[in-house]
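Number of protein chains: 4
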Amino acid sequence: MQHIMPPPTKDLAWVMGPYQAPIARVEPGETFQVSTLDAFANRIDATDIDLSTVIQLPYVNPCTGPIYVEGAEPGDTLAVRIDDIKLTRDYAVSCIIPEFGGLCGTVYTRILNEPLDQRILLHPITDEGMIHDPNLNIPKIPIEPFYGTIGTSPTTEAISTLSPGFHGGNMDAADVCVGNTIYLPVAVEGARLFLGDGHVTQGDAEVCGVAPEVPTTGTLTVDLIKGRRLETPRIEDDEYIMSVGSARPMEDAARIAFYDLIGWLEADYGFERIAAYQLCSQVARVRVANMVDVLYSIVAKFPKRYLLEA
Amino acid sequence: MQHIMPPPTKDLAWVMGPYQAPIARVEPGETFQVSTLDAFANRIDATDIDLSTVIQLPYVNPCTGPIYVEGAEPGDTLAVRIDDIKLTRDYAVSCIIPEFGGLCGTVYTRILNEPLDQRILLHPITDEGMIHDPNLNIPKIPIEPFYGTIGTSPTTEAISTLSPGFHGGNMDAADVCVGNTIYLPVAVEGARLFLGDGHVTQGDAEVCGVAPEVPTTGTLTVDLIKGRRLETPRIEDDEYIMSVGSARPMEDAARIAFYDLIGWLEADYGFERIAAYQLCSQVARVRVANMVDVLYSIVAKFPKRYLLEA
Amino acid sequence: MQHIMPPPTKDLAWVMGPYQAPIARVEPGETFQVSTLDAFANRIDATDIDLSTVIQLPYVNPCTGPIYVEGAEPGDTLAVRIDDIKLTRDYAVSCIIPEFGGLCGTVYTRILNEPLDQRILLHPITDEGMIHDPNLNIPKIPIEPFYGTIGTSPTTEAISTLSPGFHGGNMDAADVCVGNTIYLPVAVEGARLFLGDGHVTQGDAEVCGVAPEVPTTGTLTVDLIKGRRLETPRIEDDEYIMSVGSARPMEDAARIAFYDLIGWLEADYGFERIAAYQLCSQVARVRVANMVDVLYSIVAKFPKRYLLEA
Amino acid sequence: MQHIMPPPTKDLAWVMGPYQAPIARVEPGETFQVSTLDAFANRIDATDIDLSTVIQLPYVNPCTGPIYVEGAEPGDTLAVRIDDIKLTRDYAVSCIIPEFGGLCGTVYTRILNEPLDQRILLHPITDEGMIHDPNLNIPKIPIEPFYGTIGTSPTTEAISTLSPGFHGGNMDAADVCVGNTIYLPVAVEGARLFLGDGHVTQGDAEVCGVAPEVPTTGTLTVDLIKGRRLETPRIEDDEYIMSVGSARPMEDAARIAFYDLIGWLEADYGFERIAAYQLCSQVARVRVANMVDVLYSIVAKFPKRYLLEA
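Protein chains in written order, with the numbering used here: chain A, 1 to 310; chain B, 311 to 620; chain C, 621 to 930; chain D, 931 to 1240.
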């Protein structure tokens, strides 16, 4: 099985776009392994590091990629099944970044208040789960690994790996996990898949801006749906079909997600559009994936049990 | 057991405020019954009604109340435990209201596109569940009843029963259900509890703007937490402590909810504030309660299993 | 000429609604005088006052009213011409309120950063203008007085005088000034006019949340446009017709304002709707009235010189 | 004088980034001419064109560039003085694009309503001004040309020319006009200046999404401020210093603009930070530049007459 490693530091992907040379090539149907650095490029190994030396924008959240998918052409859909995610370090990193997060001033929501103080936590990982803080008497947190960031290249833009969008990217959606299939738009030849930002687990909304960040080795299987154009990422598991919207303000992210989900129910599952809208109002589920990134991400989910029976 | 009925039409509560005469009085610790009309004042019983004759703002979403709670004073907290909710009609009403909902132009998000067409659905309710549409071959939807609207009086304002806010109100949060306790701020003498807007169940976000609307008879037990000032509603069940934020844009609703939840973890559960912020980023859950009302509502939830052990 | 004084403190209007007794009555066509307290009820006369003793929500921004307009009925429009505004104190008050303003955390945009420190400025007013700070060598600021707050009663709600909305209210729009006519919806008998919140002048957006606040005596002439239903306030001066939208997020305020302005151009001035939309994109002007209040206010302006000639 | 022409169609700039080869090089202090196509690449010359054939994302709003500025290094500021803008066509183009604009559903604010119909207007330009519509009896509109789009390259991203941002871009700010100096951040060697999107004039907010679009030939003088790092674009004319913020929701754009303006007053003009905040609340002016693009743009302006005298 092919094992794709992160490139040397100077070649790490900090944007998703059509401009870098592919670091690997895969065939549709191929199962392969891929390793990722954590969101801080594995540079944090102590709690007393000055974060401003590690977090120098735009060099945050390095992805492994672009991975060229043979035969992928604009207008196709890339289906990425996540077969496995292994954590490759025995601790995760979390931190308070002074002008980043959901409950503080940021470069977008500018305020005159003093920034928060930085803080770094290292969370030991054992077979029984993740220890939030050895000094706090709380149960271990289960390991539920997923990729915070997965996406393909836009047509002409090179988008920061810190941003989610119609191309996928930094959605921080815990549904990008083992067993699930992620559908991504193909806008350029070869699709150019990027992924990274492994999370041990995550609270909905990722409210402080950082999850327990960890390097990983994953096993993926890619496939192509030829001639199927996607407008925004979709995800599927045994229980739900899901559409992801990323935008600001957050209601616009929810609108994109539901609009796409309703369109999916209409196009593939035989629902009339407004009927699907009304049914979603009764049975849909919503995940707030992030309220901290360049754009906020919302996952709208429709339970498969309410799909029309043939 | 006292049974509080909705007042005659001319006295229905269309606002939550300090100005109406109480329709009933209860004692702290008292268990009582209360009946509510549906959000359309039970006026829709056919699918060919002209909605514009039924929905004449501000006369939508009538609540039963104010219910005066003896001994409640400003600065107290009102705890409302929901013991039971019975549906008192064998069908629920849903509709598409032309300029209301999450995926259309509204009086707030004004657009020049033509409004959607109205549509009314009547959903038969049986012991096995709710039938979305007899013409569609999908499973019955389980009955999971809750109050879309529950709140107390602000100090000086009289707020439309269509709006959620710091006082509770039209949150459309499915956590306001049987078995759960809702904590509401007391801003005036007697607290003045209002409730209504029974829902058979609801999708997260209530995306089309309407749930399966139904009249109800509920059984509630109220209690007072003297001298405990709340800033926004809280909810508790066996699994979670929850704070509700209502605001626009939606991220501000999420900020209010998480800020309050973190303050709660700090004040009552021994967490240091920033530690709670970081832990929420790992284990919190979020419900998008509504993305359609005057303000959007978000429920931030902290799993009780991660509370510090004494 | 009738001179309407603010009522005693206990009767000051902190909400605009149908519940208080009128403090005065005027006839359509009548010119009268009205005096207003400043937004802090004239309680700040030194820079070392503890603001938390003065600003005790919801008792901020007292208005003079309700003024009952004889003959006003729901569905009419109230036209208020401002003939004069006299400042009745030789200094204005400005302050930094720790959790209020455009560039800080607030009760709506909740953050964990430490609040700003309070600060009070008293600005001497002379015939040549207002002195921002005697210690800073900058020119006097011209006196351009206007009412930050003017509105009528909603049908059933009692809305805080701190909030703007479809009824007018705390718009903080500098176009509510001498020589201009303000059009307000009539939702209840007698219209019930409220006004207050005199400003010596104001920067667009009122960014710190407070303008130079001052008590006033104004001269107004009211008139009725019978049977003309307004959806949101309008303003007219020699140069522009203007519509005011108040909402969050700010783009929704702008949408309301432009939607109404385009509807006005269509209904009264013979423009086809989409033609007006396109023309606004070429000649309209926009004022950001406030970015600090319960809702943000935007004034969309169409230059009269581009109205169709008859 | 060097005259920089738009490159052949296949090399037009649809993104601002570090990846394309420069099409020209200029020296600091150099005055040069530059020609630009209109936002539709000059492809619209009749009102009956099918817009969907012309507007094929992302190939809209082509810019002329990158122009390499000798000696520019990351951390410098590029000062671009606009000496002249000549319109190079005798008509301007405006249109209604079905899912684009301020008062309709868009790809970000997704709705289920039917899209607006397309509409194209061609506006004749004469020496006396622009004719909005020969069939409407309204005065000619004065020629007040400016660049809707001007910006430099980010460090690693390639941002669509349809988007504004910290790098400048598609701000649609009418202050980018003759006589004014635009300050832009330099993030990469050579700065890489891009510009285009000439507008004959524009209403604040560019509400329908399109201004009167026109090709131009401008005369510019560029200069470098070495070692001066900018966070967002700034503009200066005789009357104002101005900061531009671009974000969604619109209040965040305003926050960025005011935060930067206050920082500028503090760093260069001797104001204490909170004093500047309070003074802005009294004398600042705000332009809503656009409410239609990928991000909304706000210009916060401080009148030079209130700068501290030395």
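Heads up, a few of these hints could be off.
[Said to hold, decoys possible] BS3-like, lysine-lysine: derived pairs with alpha carbons at most 27 Å apart:
#1 C:LYS846 x C:LYS760
#2 D:LYS940 x C:LYS760
#3 D:LYS1156 x D:LYS1070
#4 D:LYS1070 x C:LYS924
#5 D:LYS940 x D:LYS1016
#6 B:LYS320 x B:LYS396
#7 B:LYS450 x B:LYS536
#8 A:LYS140 x B:LYS450
#9 A:LYS140 x A:LYS86
#10 B:LYS536 x A:LYS304
#11 B:LYS536 x B:LYS614
#12 C:LYS706 x C:LYS630
Calculated directly from the structure, the hints in this document are not laboratory data.
List of violated hint numbers, smallest to largest: 1, 2, 3, 7, 8, 10
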